[in-house]
Structure formats: structure tokens, C-alpha cells
Amino acid sequence: MAHGPAKGLSRWLFTTNHKDIGTMYLWFSFAMFFLGGIFALVIRAELFEPGLQIVQPEIFNQMTTMHGLIMVFGAVMPAFVGLANWLIPMMVGAPDMALPRMNNWSFWILPFAFTMLVSTLFMEGGGPNFGWTFYAPLSTTYAPPSVTFFIFAVHIMGASSIMGSINIIATIFNMRAPGMTLMKMPLFVWTWLITAYLLIAVMPVLAGVVTMMLMDIHFGTSFFDAAGGGDPVLFQHVFWFFGHPEVYIMILPAFGIVSAIIPTFARKPLFGYSSMVYATASIAFLSFIVWAHHMFTVGMPIAGELFFMYATMLIAVPTGVKVFNWVTTMFRGSMTFETPMLFSIAFVILFTIGGFSGLMLAIAPADFQYHDTYFVVAHFHYVLVPGAIFSITAAVYYWLPKWCGNMYSEIMGKTHFWVAFIGLNLTFFPMHFVGLAGMQRRVPDYNQFFADFNQISSMGAFLFGAAQLLFLYNVISTIVKGKKATDEVWENPEGLEWTVPSPAPYHTFSVPPEVR
Amino acid sequence: MLNIAIRPCAWLLSPAALMTLSSLSLADEAERSSINMPKGVTPVSLDIYGLHMDIFWWCVAIGIVVFGVMFYSMIVHRKSNGAKAANFHESTVLEVLWTVIPFAILIIMAWPATKSLIKLYDASESDIDIVVTGYQWKWKYEYFGQEVSFFSNLSTPQDQIQNLAPKGEHYLLEVDEHLVVPIKKKIRFLITSNDVIHAWWVPSLAVKKDAVPGYVNESWAYIEEPGIYRGVCAELCGKDHGFMPIVVEAVDDATYNTWLADRREAAKQLKALAKQTFTLDELIVRGEKVYGTACMACHGANGEGGVGKAIAGSPIANGPLAEHLDMVVNGSQQNALMAAFGGQLSEVDLAAVITFQRNRFGNSAGDLVQPVDVLKFKQGK
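Which chain is which? The protein sequence lines are A and B, in order.
Position one of the first sequence corresponds to residue 1496 (this note's numbering), numbered consecutively onward.
Position one of the second sequence corresponds to residue 5 (this note's numbering), numbered consecutively onward.
If we strip away everything but chain A, and leave its shape as in the complex, we get (with noise of 0.2 Å):
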């Protein structure tokens, strides 16, 4: 019944197997990390020293468009869809994903959707040069004709992004095992159900919004011109009711992973197991009810300005509890620092203070002063950074294994860790500073005054880079010539994963198996 892989190329082209596809989406998205990653030491290279060095404006615009968004929709978004695929049917007990030949289209189209984005920083007129959050007009009647293929990638994104997500919901609502209720669902599962609902609901609205910017640019229609009656600021509006939901979906699966690892390493079930889920569905409500505090200074009436700040600052409540629930796990545990429990417990404590930057920025009248400046990109980063990317990276220590059968070296991995994590802190602290001294974000060049923790920050970001080939090393070398793994892996892991050999077979549970 069972049978293996297909030889060659056409195994990848065409399968259909979860296990395949989440291991090419997550290559897919490690390469585009190292993309991205390159176009932002472009970014802190011109950021060096003050005066213009390396790169012109016009590119430096461009870089840090294209940094942004093919972090966001490139590495960290496919990269917690691989994540899903190679989890989520072992987690529920099912044999594969629920519908695996859109599961293969889902992943197919995106590799051509990147290609058309970034071959536009080789079309006449550059790239996208007006922010990964291209606020019309200068996304429209002011940008480069290259915008069209941006719109285009933009679209066939977001279809792969709803394809993933409505996938993932019929395969936990259909496919799980006998016995697996919703509440004995592992926290990974939880947090990505939520988070394809976020996907679905948004999606369409960022399709929306880059649909009327085709409109505009090419079929004469003034949604965002003013000059034509149309409202430069409904832009903004519609765009970031898909931004802010889309900020959550790039942490809450993050949450679930740490939830899986957390207490493995301290040896004792996940305090307040019911509390996690309940905090997580109701950030996922509150995201669409506070997208305009990234516009307190668009001019908003007073009576928006203290709702959107109100509501944000309750984000805090249930984002506490979780905090507190990780930190409670750890207290009276037995723990352990494998290197995947030391990326969850960095997530804990940075993702807290971006937090903590985040109530500040909350706080309307303040906000006033941080808006667009260091200091925004220093929180957002806190929290993206170490919120997703570091959770990532745990995850693919803590399951890895489990993947490829070969255990990672424990030296190797840490050595990581601590390059990446001072090469983090390097690069992001200072950011707090420049930005509270009043230095603006998006900008090529600056005054000597804060040329001290710009240069700083630069080095941090070449040793955060230098980390993640330590990270392609350790991921190769383990599958190449890694020892063998058990099939726990850790000390008593909870989990259906871990009841099955390592490396996981090509179909798993293809007989569903008990859940107590």
C-alpha cells in the first residue's frame, strides 16, 4: 500500500506529498531569506557612515522595498506553511494534507511569483522603490513602470497564501485522528487554525487594495488620486486592515511552536494549555479592530485616534497572558538548554520587549513622536526577528531530526545561537536610540549624530548574517552526515510526531492512531 518517492526532478514537480511540499517550501523560504537578507546588508552597508557610499538613493529605496517584502511574503510566511505541512498531519494523526494536489499548485506558483518581483530590479526605472507598504500615490501615479509585475506577484501570493490556508483548515477540521478533540489539538495546530482564518479573511482585501492600484495606474480610475476625488488615505486604511492581521499571522504560529518546545525542555506540561488558546483567538479578533494606529498621524478625527489607541493597548492583555503562561511553564521545571529551548526562550524575552515598545507606541500622543522613525523599525524588528524568524529557527532544530532522521550537533547549533542572537541585539537595540533622537526610517543618509549607534547597528547586521550560514551549515551537514537520531529525539517529547520513527516514513499514520 504504502509506497516511496518518485526518482528525479518529477518527484518535487509533482508530488503530493505533505512531507515533500513542506520541505520545498521550506528551502524555498531559507532562500529567499538569504535574499532578502542580502538586500538588507545592502541597507546597513550605505548605513555604515554617513554621506552616500555604496548605493544611490534610487537603489537604497529599492532595497528596502524589496527587503521587506520578500521577507514578509518570501521567508517568513512560506517558511511557517512548510512548517504546517510537514507538522500539522502529524500532529492531528492524518496521512497527508486534505487536498494535496492544490497543496503542490499552492506551492508551485510562488517560486514565479518571486521571479517576476525581483526581476523587476532589473527593468528600466528600477524596482518598487515606495515601501513594503506602497502608499498610493507614490505607489501609482509617482512609481515605476515596474509596478504592474509587483501588483501581479502580489496577487499570485495571496492565492498561494489562501490556497495553503483553506488546505490547512479542511485538514484539521476533516483529517484528524479518532479521540482528537480541538482542546487536545497540540498549540502549533491551534495557532495556525487561527491564523489561516486571519489569512483568509485578509488576503482578498490585500488583493483588493493592489487591484485598485492596476485601476489607477492603468485604466483611469482616481481611487487614491485626489486630484481625481478619489482619497489617498482610503489606501491606508484598506491596506493595513490586511497589514495588521498579517503582522499576527507572522507571530501566531510562532506561538504555537514555542508552546510545543517549551516545555519539553523544562520537563513539565504547558501551563494553561486553555488560556493559550483563548489568548490566541482573541488577539486574532482584536488585529482587525486596531489597524489604524499605524496612522495616528494621518490626521485622523480625535474620536478614531482614542479608539484605535484604546484597542491596541488591550492587545497587551492577552499577548501578557501568554507570556506569563511560557514563563510559568518554566518555573518549577527540570530544564534542559538544547539549542532549540534556547531560540524559545530568546523569542520570550526580546519578543517581550518588543512588546513592551509596542504598548509605548500604543500610546497615541506619544506615537506622534516615534511614528516612522528608528525606533518603529526597531520594535517591529523585536518582534519579527526574534518573534518569527528565531521561532523558526527552533523549530527547525527541534524537529529536524525528525525530518531527515540525523541529529543536529549541539555545539554547532549553539554556536549559532549566540552569533545570531548578539548579532540581533546588535543590530536592533541601538535602533531604539537613533529613533528616540529623532532620526527617520527610510532614509539613505543621516546626520554624524547618529553616525555612532548607525555604525553599530551595521556591524550587528553583518554578524546576524554571518549566523545564518553557520545555520545553512548546520542544516546540510546534519542531513548529510548528521548521527543517527533516536525516534523520541528529546526526553519524553509530547506529541504523535514522536511516535513515529525518525526519519518520519513517506506516509505516515495512513492508519489513524489512538488518542487517549
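Incorrect hints may have been included.
Unchecked claim - Calculated cross-link-like contacts (lysine-lysine; reagent style DSS-like; alpha-carbon spacing at most 30 Å):
no., chain 1, residue 1, chain 2, residue 2
1, A, Lys1909, B, Lys83
2, B, Lys380, B, Lys144
3, B, Lys380, B, Lys279
4, B, Lys144, B, Lys272
5, A, Lys1502, A, Lys1976
6, A, Lys1909, B, Lys88
7, B, Lys88, A, Lys1679
8, B, Lys43, B, Lys123
9, B, Lys83, A, Lys1679
10, A, Lys1979, B, Lys190
11, B, Lys83, A, Lys1978
12, A, Lys1502, A, Lys1979
13, B, Lys88, A, Lys1979
14, B, Lys123, B, Lys190
Don't read these hints as lab results, they were simulated from the structure.
Knowing the structure of chain A, use the given hints to seat chain B on it.
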């Protein structure tokens, strides 16, 4: 400084550090901290600074508790210390407590924030109104009802930006024309844009408002102390987003009134100038200056082009004068990036820069444009 950056925990110590680190300043320059928000010189900015520090200390306090428990566990409850894992995993009391306490803290913070916001939003009953218009990449200031209006451009030379000359103290934070305002008057800023979205931000005044085409946003400042306050455009607005600073010069009432009278006089003279006839050399000297502030960013120092088309050898600069006038005065119909300069430059400056473009960079149209020609063109000939 390295130490501050390496360890996030050091963040907790930074306010102490900032008191010792805050930089020395020139007499008329506002003091700046290199690691914290400026207190500023308006009642609103002081309010905001207070809120900022309050919420910061709340975060520090919560951080100490959370990270305290966490590090205690990590040190004491480790397997290598022989710690045996407990098995508790639920407590409704705890969950309720750590929902209610943060909620209470939020209410404590929301109250003063609301009060400050209401104050910040009350731009009514102003003494002076100034219309601020964002352009790619400069600011225009109009003193409402005073017949004074001018553009304010970056004055940092290209040589400094391209690292050919040492950078001055106010590198990228200096402009040719300061926005001069009186102290102890309620100044209302009416902020809008001519092209894309910009944001007018002066940290010491705690004024940051987006300049949105088609909207007029309000903000205000009541400056307590005379001084020079520097700011920047905060919203990405294209290529030279980082190169359109703001300089506000706050002076006493008498100085302000003298300045205003001088500006009015200068505006009159400029109008008179438009009726004069200039020689080719006069126009070219003036035109070169205008080119530097208005055209060079896109068309290059030698007219070689860049974001904009090349002017050297261009069919427009070497073709019929009417088309050249049309392009500069009305902008391009095909490309929004080529703005209409008819409203941005005076007739004299328009005449000068067009003459300059037609006779330099190897262009040899050879003709010369007088301000009166420009005026006639604007009036439809």
C-alpha cells in the same frame, strides 16, 4: 556604547545613562539627547515626554518582574542543579490575576494619554496660521494673510553628501530659508501636499503630521523658548525623502515682525524684478543657482539625467522655446515626476533657469528668456 547595545538588559539602565550622556549644544541650538526623545519646548512636547517616560518605567517594572521570575527559574530550576519538575499546569486564579492587573495598568496609562491627545488636537484660536505644503523634495511655507510665502530647500552641498568635502555640523539638517516664528504665540500649521504623502516633523515641537494631497491637516505649537529647532520629512516620499529637512527659528515678537516686513518688501522687489530686462550673463548666473535647488536632484549636476531625462542635448532644451516653457511651467503630461514649476518658482527664476538650460550643458538654442516672457506665457500669451 557598545555595552549598551550588546545587552538588552542594559536598556533598563539607559535613562540613568542619558542624564550623563546628553550632548552639549550651541547657544541657540536646542539640546538633544543621543538616546532619548527630546523634552521639547512646547507644553504638548513636555506632556508627550512625560507620557513616554511613564510608559517606559511601567515597561521596566513589568520587565523586572517577568524576566526576574524567568531568570530565577533558569538558574535554580535547571536539570543540572538536580531540579525535579513539578507537574502543575493550570490555575484559574493566576490567569484571572494576570489578566486583571495588566488591564488596570492600561487604564492608568490611558487616562493621561487621552487628556494629552485632546490637548494635542485642539488647534483652535491660533495667533498665527502657516500653510505648510510638501513638495518632492522641499517644503513651502505660506504665512496666512501676510503675503509672505517661500520654499525651503536643503542647503547641504552635494559635495558633502557624495563625501567630496567634510560634512558640516548640521549636515542634512540645514535649509536655505528658515521658517521664522515668534515665541509665546499659538502657531497653527495647516499641512498639505502637492504630490505624494510627506510628513512634517519637528521633534522639539512634538509636531508630526502627514502632508496628504487633497487634505489639509492641522497641528499647532506654542514655543516657550527662542532657538533653532530642526526636523525632517518622516514619510517616505520618493528618492530624496532623506533630503528635505525643516528648520524652525523661534524668535521674539519684535524680531519676527521685522523679519516679516523684510520678507514682504523682498516679495515686492521680486515682483518688480519680473518687469526688468536682464542680460544673458545675469540670467545664466541666477539660473545656475535655481538649477541647483530645483532641477539637479533629478536631472543631474551636468544635465546628464538620472531619475529625470537628460537636459544635455535634449530635444526640448534645444527645440522651440514654447515647448520648453510649457514643460517647466506646467510639468509633463506623461510623467508625474516632472512637476509643474509655474507655481513653485518666480518669473525671474523661471526665466533664468530656462535660459541656463538652453545655453549650458552643450545646449545651443542660444536664445534668452525674459521674466516678462514667462509672465506672458503663464497668462496664455
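Verification of the hints:
| no. | hint | in the structure |
| --- | --- | --- |
| 1 | A:Lys1909 <-> B:Lys83 | holds, 18 Å |
| 2 | B:Lys380 <-> B:Lys144 | holds, 25 Å |
| 3 | B:Lys380 <-> B:Lys279 | holds, 11 Å |
| 4 | B:Lys144 <-> B:Lys272 | holds, 18 Å |
| 5 | A:Lys1502 <-> A:Lys1976 | holds, 22 Å |
| 6 | A:Lys1909 <-> B:Lys88 | holds, 24 Å |
| 7 | B:Lys88 <-> A:Lys1679 | holds, 26 Å |
| 8 | B:Lys43 <-> B:Lys123 | holds, 17 Å |
| 9 | B:Lys83 <-> A:Lys1679 | holds, 28 Å |
| 10 | A:Lys1979 <-> B:Lys190 | violated, 74 Å |
| 11 | B:Lys83 <-> A:Lys1978 | holds, 24 Å |
| 12 | A:Lys1502 <-> A:Lys1979 | holds, 24 Å |
| 13 | B:Lys88 <-> A:Lys1979 | holds, 29 Å |
| 14 | B:Lys123 <-> B:Lys190 | holds, 13 Å |
The structure is inconsistent with hint 10 alone, although it conforms to all the rest.
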